[in-house]
Every structure is written in C-alpha cells, then in structure tokens.
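Residues per chain, in single letters:
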Amino acid sequence: MSKLKTRFLDKEFKNPIVLASGILGLTAASMNNAVNNGCGGVTVKSVSKDARPGHPNPTMTGTDHYFINAVGLSNPSVAEGIKEFAKFKEMTNAPLVGSIFAGTPDEFAEVTEIICQSPIDFLEVNVSCPNVSKEFGTPFAYDTKAVEVITKKVKEKSTVPVIIKLTPQAWNVAEIAKVAEDAGADAICAGNTISGMAIDIRARKPVLHNKQGGVSGPALFPVALKAVYDIYKTVKIPIIGTGGITTGEDAIAMVMAGASLLGVGSAVYYRGQDVFEKINNEMTEFMKKENINSLEEIRGIAHK
Amino acid sequence: MENNNPQFIPISKIVEEAQDIKTFYFEHSLNSKPGQFIMLWVPEHDQKPFSIAYDDGKSFGLTFFKRGPTTTKLFDMKVGERVGIEGPFGTSFSRKPDTHYIMVAGGYGAAPLGFLAESLLSPPAGGGDARRAEGVGVDFCVGARNKDLVLFKNRIEKIPNTKLHIATDDGSEGHKGYITDILSNLIDSAEKKVLVVTCGPELMEKKILNICNEKNTDCEISIERYMKCGVGICGQCAVDPIGICMCKEGPVVKRELANKITEFGKYHRDKSGKIIYF
Chain A
6 MSKLKTRFLD KEFKNPIVLA SGILGLTAAS MNNAVNNGCG GVTVKSVSKD
56 ARPGHPNPTM TGTDHYFINA VGLSNPSVAE GIKEFAKFKE MTNAPLVGSI
106 FAGTPDEFAE VTEIICQSPI DFLEVNVSCP NVSKEFGTPF AYDTKAVEVI
156 TKKVKEKSTV PVIIKLTPQA WNVAEIAKVA EDAGADAICA GNTISGMAID
206 IRARKPVLHN KQGGVSGPAL FPVALKAVYD IYKTVKIPII GTGGITTGED
256 AIAMVMAGAS LLGVGSAVYY RGQDVFEKIN NEMTEFMKKE NINSLEEIRG
306 IAHK
Chain B
851 MENNNPQFIP ISKIVEEAQD IKTFYFEHSL NSKPGQFIML WVPEHDQKPF
901 SIAYDDGKSF GLTFFKRGPT TTKLFDMKVG ERVGIEGPFG TSFSRKPDTH
951 YIMVAGGYGA APLGFLAESL LSPPAGGGDA RRAEGVGVDF CVGARNKDLV
1001 LFKNRIEKIP NTKLHIATDD GSEGHKGYIT DILSNLIDSA EKKVLVVTCG
1051 PELMEKKILN ICNEKNTDCE ISIERYMKCG VGICGQCAVD PIGICMCKEG
1101 PVVKRELANK ITEFGKYHRD KSGKIIYF
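Going line by line, the protein sequences match chains A and B.
Yeah, the first sequence ends on 309 if you go by my numbering, and it's all consecutive.
Yeah, the second sequence ends on 1128 if you go by my numbering, and it's all consecutive.
Incorrect hints may have been included.
[To be verified] Far from chain A by the CB rule (all over 12 angstroms, computed), these chain B residues:
| no. | residue |
| --- | --- |
| 1 | G957 |
| 2 | S1034 |
| 3 | K1043 |
| 4 | Q1086 |
[What the hints assert, rightly or not] Here are the simulated BS3-like pairs of lysine-lysine, each with C-alpha atoms no more than 27 angstroms apart in a straight line:
| no. | chain 1 | residue 1 | chain 2 | residue 2 |
| --- | --- | --- | --- | --- |
| 5 | B | K1116 | A | K88 |
| 6 | B | K1098 | A | K92 |
| 7 | B | K1116 | A | K139 |
| 8 | A | K19 | A | K294 |
| 9 | A | K210 | B | K1116 |
Quick caveat, the hints were computed from the structure, so don't treat them as lab data.
Think of the CB as a built atom: it goes at the ideal place given N, C-alpha and C, for glycine as much as any other residue.
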C-alpha cells in the first residue's frame, strides 16, 4: 500500500482515506475500527460548546443514488467529546482530525480552546452544515466575511493546523476558499453535504423529521469533484476532497482534481464497514495498471 | 448496499394486552427472525427501533408500552391508519435442535422471546422456518413488577413443551423477588444442553450473563442501545471498547461477545452521545 502514502501538512498518512465527519465518529472504539478497516486517518463527529440531542428520527435514509441525513449535529459537548479523542489516541497513532461547530465566531474560538486540550492532530471547522439553519441561520460557508472572521478567530486559539470545511453548494466556493487561505487556514475540506429532500410518496410527507437534509453518496460526487477542481485553481493550501467517494475510481478522480486527502463517509452504506480497504485496493490496482508510482504524480493532473 | 425495505402500511388489528400495553398487527410478510427489530416511523413524531413480537410469515405484530411521545401517539391510532416500517434489522436468537432453552424475559422482553418460543415449538406462529425444532423444551421465565404487568401469560401457556415461571417484585404472582433468583436452579436441573436467552432490563441481563459465566452455560442476550440509522452508518449504537454497532452486530449477541462489551451493565449513551451510567 506504499503507493498510497500521503503527506498532509505536518503528518504522514498511510493512505489518503479519512473517515468523514459524522459517520461512525461518535466513540473512540468505533473510529479505531474505521482505522482497522483501512482509514489512513479519522475525523470525529462535530462537537459544540453544549451537548445537543439532534433532530428526532428519521435522521437518515438512502437510495441507490444518494444518502440523505439530518442528524442535527447531535453531540455530547466538546468537554465530553475530548475524553473519547484521548481514548482514540491510546488505541492508535493514526492521525485524528477534530471537528467543531458553533453559532458565533466567538463561540468557535471558545470551542477551539477546549478541543485543543485533546490530542487532535488537525482541527476541522464545520461552517457548512446544511441541517441546522432553523437554529443558526444560513451556513457561514456562503459568506466570505463570516468565513474570514471565523478562520481568524479559530487560528488565534488553535494549537494544531486548521481546516475550513466549506460547502460545494456555495456558487463561489473557490473564492470563499481563497478568503479562508488568506485568513490563515492551513487546509480546505471540500466539502459538506448539500441541501436536499426525500418525500415518502405513500406517507405524502418528507421522510426526514427535519424535512430538509444533507445529500451525500454517489449523487454528491460530481458536485464535490467540481468544487475541489475549482478550489485547487485558487489556493495553494492542501484540500481534503469529500463528497460521494464510493470507489477507487472516484478516489483517483478526486486526486486528479487536486485533493490531497479523501474524505469517505456514506460509502459505508453502499459497500460496508470495510469500504476504506476496498477503495485503497482499487486505487492501488489502478495505479499499477497505469504505472503510477505515487499519488503525488497525479495530484491536480486534470488541470494540465 | 443495505436494503431498508421501507413500507408504509395500515394497522390491521390492535389487541390490548394489559393497561398501557398494546399489540399492533400488520398484514405484511416481514419474514423476520426472533430477536430482530424494525424501525417504526410515526410521521411528524419520531422513528424508533422495536423488536418484533409476532411473525407468522404472513403478518407480524409489535407490542408497545405507552411510554414516550411516539408510543402515546401510536396509542391514539386506529385500525386502518398507516405507519412506516423498515426492516427487519439486526441479529436473531439461535435456533438449535436438542436444546433446553431457558428464556428469561423482563417487561417487554417477553415479546421477542414469545416469538422465539413459538418459532421453535408451534409453527407457523413463529414464521420463517415453518418446521418445529426437534428435541426442544423451554423454561419461560417472566419477571414483572406485579401480576398485572406479566405479559403474554396465555400466549406462553399455549406453547407445547414450555413451562412458564413467573416472578413479581411484590409477590402478587409466582416467586416474590427477581426472576434471576430461579435461574441457577433451572440450569442445574436441565437434562439437556442448555441455552439461556434473555431480553429485558440491562441490569437483569447482566446478572444473567454473570450466572451463565459462572456455570459456563451458553447464553444469548438482546442488548438495547439508542439507535438512529439502524444500518451501521452513524455509529450512535457503537459499544465500548470494541466499537461494533448494536444495530448490525446486535441486538442479539452471544455470551463470548457480550463479555467483550465492557460497557454492558455499566453505561450506555444517550441521543447526544453522552455516557449515562445505569
């Protein structure tokens, strides 16, 4: 698997696959299983200042083409969450990406200070959850000014490199990524799920209790791919390509668009808990066939 | 890919089992196995996992205690009204010939265990496999706070080769005290290989696991954890320290696996993910 070794900022990943935030990321043991199933690193489920129960069920559903969820950022609070992060680091030395969200820029700073007391290697800043707008208003990730302010506030407090997680639904996502870079972000995650809906036609109602949810899975892939492609053109900092990656082919395409790491989440629904290993094997197989020795060789190659 | 097999189907019959306990029947071929669960959706309220109480291959039944907002809403619903059903999900109790089953039910746990006893001894009431299991006998133990809360007495009494034992906290019926008090004797006096199966409050289940460990007796336990997706994606029902999801690798786990789940009988996580001690 040495062909897949990836350097991301100051850390070496055994492969570029990172468990995406919100999937299997609640407990240390569950994240450690993802590592054993082939993840190069993991991202925790986002935590906030106070505990949140999230939305009532149904919180997620899937079809052949898309997965959709509105969990509503349930989490036991950053103070509880960091206990699990410490446990994770006792189990494995795989890189750990912390993930936070908050309602205001100052609260982002506050949560950053607390999460940085735990042994996270990176801090992902979730400014783009599509499922809590009733509470928090339009996601910050649509607004250049908000992204700039939050990035600066988090950077001031963070003791680890900061990754800003954007939404491919913002028409100007590349411009927003540039703003984050200029404000000091160390990397971009592109990106979150996009807003959507599923209706149960027999019940004649939206399936999700929250009605609206975040679309992931295969349907999201081309949208995320284009976002990564556009962002790669405008920034110099590395990108975590996330959204609908389900196969090794998807993963390779994402690297060719310019991604350094690859977030994988909903693929677990389509191909099981060992999907990470499967994608790694498929990437390696393709690289052998095409005489590619490292991912570095093909990173961003679609731009040439 | 997971097949959630979502249905939106009418309630075909409602049977009152006791005060605030009702069974809802659905004319739908679920083909579930005893111990498995479905996700039940009451639109605009919630969607929750429930283990299956009856399945004869053509229809199935779910028994509810009126407990929270979702079951309260259900109790207002009438025959003909529809609810969402997804599943069946999860693992089931083993079906073994030439085995003496000791089934220990606490509260609602009598529902899936009643289904198991029927599937072994009085098909087609037990659905799925329509053959009667050879050489099987059952001690069916039910624990409840008082005699009015003893579920499925008549149902269990109809099953061949099955002996019913009751324990109530207040002694209003059967043994006064815990149902676990009589378990050791039943294991010791069995003439065949014993399989203990249990579904009920976790601290009762933990006691049973301890007894089975002491006596080196096989057992299978239904472990309940807060669930969201039901298909092993969200990680809400992952258990420490092995991190497996109870919606996929549970709810029914064998003794060896239960012993690896060190949080069993100690704590669980609420809907936010916060650890709550029993």
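### Query
Which hints from the list above does the structure break, by number from lowest to highest?
Going through the list in order, the structure violates hints 4, 7 and 9 and respects the others.
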